[in-house]
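There are 2 protein chains.
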Amino acid sequence: MTQTHTDGAFHVFDTTLRDGAQMEGLRYSVADKLAVAELLDEFGVDYIEGGWPGAIPSDTEFFARAADELNFKHAKLVAFAMTRRAGTTAAEDPGFQALLDSRAPVLCLVAKSDVRHVEQALRTTPEENLAMIVDSVRHGREHDREVFIDCEHFFDGFRHDPVYATLVVRTALEAGAEAVVLCDTNGGRIPSDITEAITDLRERLAVDLAPERIRLGMHAQNDTGCAVANTLAAVQAGVMHVQGTANGYGERPGNADIFSVIANLETKLGMRVLPDGCLEKMTRISHAIAEIANLAPDEHAPYVGHAAFAHKAGIHASAIKADPALYNHVDPVVVGNDMRILVTEMAGRASVELKGRELGIDLSGDREALDRITKRVKELESKGWSFEAADASFELLVRDEVEGGLPRPFTLDTYRVIVDHDPAGHSVAEATVRLDVDGARVIATAQGNGPVNALDAALRKALSERHPKLASLALTDFKVRILAGSTGTDAVTRVLITMSDGGSEWTTVGAAPNLIEASWNALAEGLTYGLNRQ
Amino acid sequence: MTQTHTDGAFHVFDTTLRDGAQMEGLRYSVADKLAVAELLDEFGVDYIEGGWPGAIPSDTEFFARAADELNFKHAKLVAFAMTRRAGTTAAEDPGFQALLDSRAPVLCLVAKSDVRHVEQALRTTPEENLAMIVDSVRHGREHDREVFIDCEHFFDGFRHDPVYATLVVRTALEAGAEAVVLCDTNGGRIPSDITEAITDLRERLAVDLAPERIRLGMHAQNDTGCAVANTLAAVQAGVMHVQGTANGYGERPGNADIFSVIANLETKLGMRVLPDGCLEKMTRISHAIAEIANLAPDEHAPYVGHAAFAHKAGIHASAIKADPALYNHVDPVVVGNDMRILVTEMAGRASVELKGRELGIDLSGDREALDRITKRVKELESKGWSFEAADASFELLVRDEVEGGLPRPFTLDTYRVIVDHDPAGHSVAEATVRLDVDGARVIATAQGNGPVNALDAALRKALSERHPKLASLALTDFKVRILAGSTGTDAVTRVLITMSDGGSEWTTVGAAPNLIEASWNALAEGLTYGLNRQ
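Just so you know, the sequences run in chain order W and S.
Residue numbers 1 to 534, in UniProt numbering, belong to the letters of the first sequence in order.
Residue numbers 1 to 534, in UniProt numbering, belong to the letters of the second sequence in order.
Please keep in mind that the hints were generated in silico from the structure rather than gathered at the bench.
Quantities reported herein were computed from a predicted structural model and do not represent experimental measurements.
Note that the Cβ used here is the ideal one computed from N, Cα and C, for glycine as well.
When the alpha-carbon atoms are kept at most 25 Å apart in a straight line, the in silico SDA-like pairs for lysine to any residue are as follows:
1. W:281 x W:295
2. W:461 x W:414
3. S:383 x S:506
4. W:383 x S:422
5. W:479 x S:27
6. W:378 x S:22
7. S:383 x W:447
8. W:383 x W:412
9. S:375 x W:425
10. S:268 x W:115
11. W:375 x S:55
Covered stretches of chain S, going by a simulated chain W footprint (3 or more residues, C-beta under 8 Å):
12. 251-264
13. 405-417
14. 446-453
15. 474-482
Based on the sequences and whatever the hints tell you, model everything.
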């Protein structure tokens with residue numbers, strides 16, 4: 001059932017930079033948008049909708065720079081706008097002229113297909129709405145543009161008045177639209193609705209149109225949690241164009257996640273919708289776009305999440321080892337992701353061995369080391385450590401047992417942290433650390449916003465002379481969790497710290513009844529790991 | 001097409017505390033689990049799966065305490081385990097005995113339905129697997145338990161060997177299982193797969209079983225991003241039992257989000273699956289469980305997310321105001337959420353008024369106080385406060401604005417917290433507070449396991465003479481979260497503290513870049529509230 005890549009016959013249409021940019025709290029600079037567009041082209045989508053030139057000044061600038069600076073390998077750039085305004089012509093509409101001025105080779109024009117929106121939002125007649133579509137499509141075609149029509153609120157409109165909604169679609173197709181995209185704008189549909197509506201629509205269109213002229217697309221929003229499934233249902237009902245956004249970014253609960261849509265089309269329906277070799281870039285591209293958007297990648301995202309193929313080993317470790325295909329729904333490598341075995345309190349020797357192999361350490365020949373490591377993991381976990389998310393701490397522990405340990409750039413003698421709240425209501429934190437650094441006694445004091453920030457600053461100050469590389473290690477995430485809620489402020493605290501050297505990231509853990517002590521452990525291990533890594 | 005609540009005929013089966021607790025990085029204390037179970041019962045689910053007694057020590061403790069302390073209004077508590085081991089009897093299997101000892105009235109037993117897993121993971125024969133199911137179901141029934149069978153990897157097993165997978169389901173139903181739950185354990189299915197498999201299965205079962213005996217359930221994982229849609233497809237194909245977790249928590253990309261599933265069943269398929277008046281609690285229950293799990297609520301979650309009904313007003317503001325139903329796929333009030341228009345600051349006043357009414361304070365007559373409170377809430381929330389789970393802090397704030405405030409038993413002058421780590425590796429925390437207590441200057445110093453514990457001890461010591469009742473107020477929970485959007489150790493920290501006077505509990509909040517300062521705020525408000533309450 002596997003096909004070859006269907007060039008031109010099926011469209012992957014990305015709207016990360018237009019509809020996806022509507023997400024609350026998300027702001028791209030023009031440079032951000034150029035970088036995202038390049039990533040999307042590298043990923044192999046067919047169309048990249050870049051924004052609304054003429055209406056949004058930074059989008060006008062984006063298209064101007066894109067025309068000069070971007071050189072897509074595969075994709076075509078799309079400019080979005082409304083069909084021309086009521087009571088004028090496309091040639092005379094300044095909004096439409098801005099669209100042509102953008103130099104984008106493809107236009108995507110939003111049109112009303114729900115007669116209630118025609119009357120209440122556009123405040124015009126159903127007939128004029130049709131004339132706006134025809135005139136706009138023809139004007140775009142006359143200027144050598146490919147033109148798509150997005151039918152806003154299509155599914156509500158079709159339910160309310162199927163005759164008019166069908167007329168809108170047919171009119172756009174007959175006027176020369178490349179495809180007409182059916183939008184579930186308010187996102188209220190579930191897959192059975194989509195199947196039913198598209199099947200009905202196709203039958204109505206088939207009265208006047210030859211099958212090859214019925215070119216439909218799907219644009220789903222995620223308000224029922226079904227955007228990906230709705231898009232698949234539409235493809236199975238015959239659409240040949242799917243819209244979505246990177247990581248499902250978008251207004252309200254977001255748009256259909258284009259990564260999940262593509263991975264499902266390719267691995268579940270056996271379609272080839274990307275050029276060869278592109279699907280395996282998916283995890284990397286997803287995370288890179290999240291970084292540009294300045295949003296934490298969703299750890300639990302299907303296919304591309306850090307946890308998407310993470311298994312708690314426990315009792316099934318040996319079975320997973322024997323046949324991972326029984327536990328993964330697809331081979332993670334296909335989408336550029338990895339399988340991970342989580343080391344948990346239930347972990348036995350088998351999962352420690354498996355985890356070691358992931359880190360490139362073969363423990364299969366050293367039964368005694370394996371026993372020591374397993375025992376130590378269990379001991380630490382009973383005290384509140386957790387290695388599930390702290391690969392770097394786990395690796396330090398393993399290397400300590402098998403190779404005598406990584407070199408330690410420093411050992412702690414003492415630290416003192418003071419937090420003062422003064423009568424004026426200001427608080428300040430100060431930390432002093434006394435370390436042994438390669439045999440020398442070093443003392444440093446620093447202030448910070450809070451106690452851990454001060455400790456981090458003092459530690460870096462103490463090490464900066466001997467380890468100038470330290471300046472390139474950034475602390476990127478700091479998580480605190482209180483364990484065993486029943487015992488209040490004297491409960492055990494677990495701290496997870498993530499550091500980055502710009503290229504890769506690693507996470508360390510510390511646990512203690514004293515939050516400062518737990519933070520110290522995670523900080524010290526994070527810097528030790530980072531300095532050894534370089 | 002709307003029905004009345006189908007008591008008993010349709011099951012909502014929640015597995016937040018069992019399968020959902022497998023989520024990477026998530027750890028509940030026993031007290032957390034008891035609190036989540038109470039919320040789920042209040043929400044009106046039919047079954048609450050609490051864990052695996054006998055296998056996980058904290059789950060054993062949860063069931064013991066649940067039997068003594070929980071008094072469900074609607075739900076039944078479910079204990080999870082495997083069917084009995086191969087080569088023994090259920091009566092002789094100590095794992096099975098632990099299940100009965102849990103005193104849970106309902107058992108959910110996981111069984112293999114994929115013959116490859118029977119052989120490779122269980123390492124037994126297909127026949128013994130069937131015997132294990134029959135023996136386990138009967139033994140549970142003989143001890144007056146309702147028994148469910150979860151068929152692990154059902155959809156893979158059915159595709160690989162439909163005859164054996166069907167035999168497993170039929171065997172379990174014939175042995176007396178209340179329902180057999182079809183699990184997409186590795187989460188690799190899309191809705192059309194589910195429809196096809198369940199339709200085929202039902203035809204195969206109908207050969208031997210009367211229609212009313214074919215009682216099936218659905219358990220979906222979200223690895224294709226289709227867990228909610230798969231669950232809906234299963235209901236449309238005839239299952240009468242759905243499993244899911246609060247907010248979709250679970251391993252890898254998680255489980256079917258029970259909130260989205262229920263909202264779709266009720267508002268899209270016209271079913272009544274919750275008792276009357278429960279659906280509108282959904283948003284609040286979702287956020288409260290997120291707080292207990294110490295995970296940020298997903299702003300973009302369908303139905304319950306803060307952004308689920310947020311509209312950028314833009315050009316359509318007046319159209320939205322005239323007829324919100326054209327822009328919202330359901331009325332947000334139905335699920336206890338609000339519509340928000342992002343450009344206005346109008347949102348909030350209505351919910352502050354509603355919240356005040358909940359606390360017994362009528363704000364409807366005092367427009368100015370309502371405005372002051374709303375403004376103050378927004379101000380504090382922009383600095384990291386969150387009142388969703390901190391009713392006591394909210395009440396203090398409201399009473400300050402309408403009645404001149406509750407009496408303050410003390411005001412802070414200064415505090416100092418010192419944490420020392422000595423050369424022997426021991427760490428100690430010491431706090432000194434200087435307060436004004438009813439006009440008198442009081443100073444007290446105390447030690448603790450960590451900085452917040454020391455601060456708590458010093459504060460209590462300073463107040464103990466004037467407020468002896470303080471001894472009866474216990475600090476029962478302490479949660480710390482580093483807020484997203486800010487990075488590293490200088491990010492904003494939010495602290496939630498729960499206190500109890502033995503009878504009732506209350507929660508307060510503090511937020512600041514300095515963790516100690518945030519903790520102080522929450523501590524001071526918690527004691528102030530507690531002393532006023534008595």
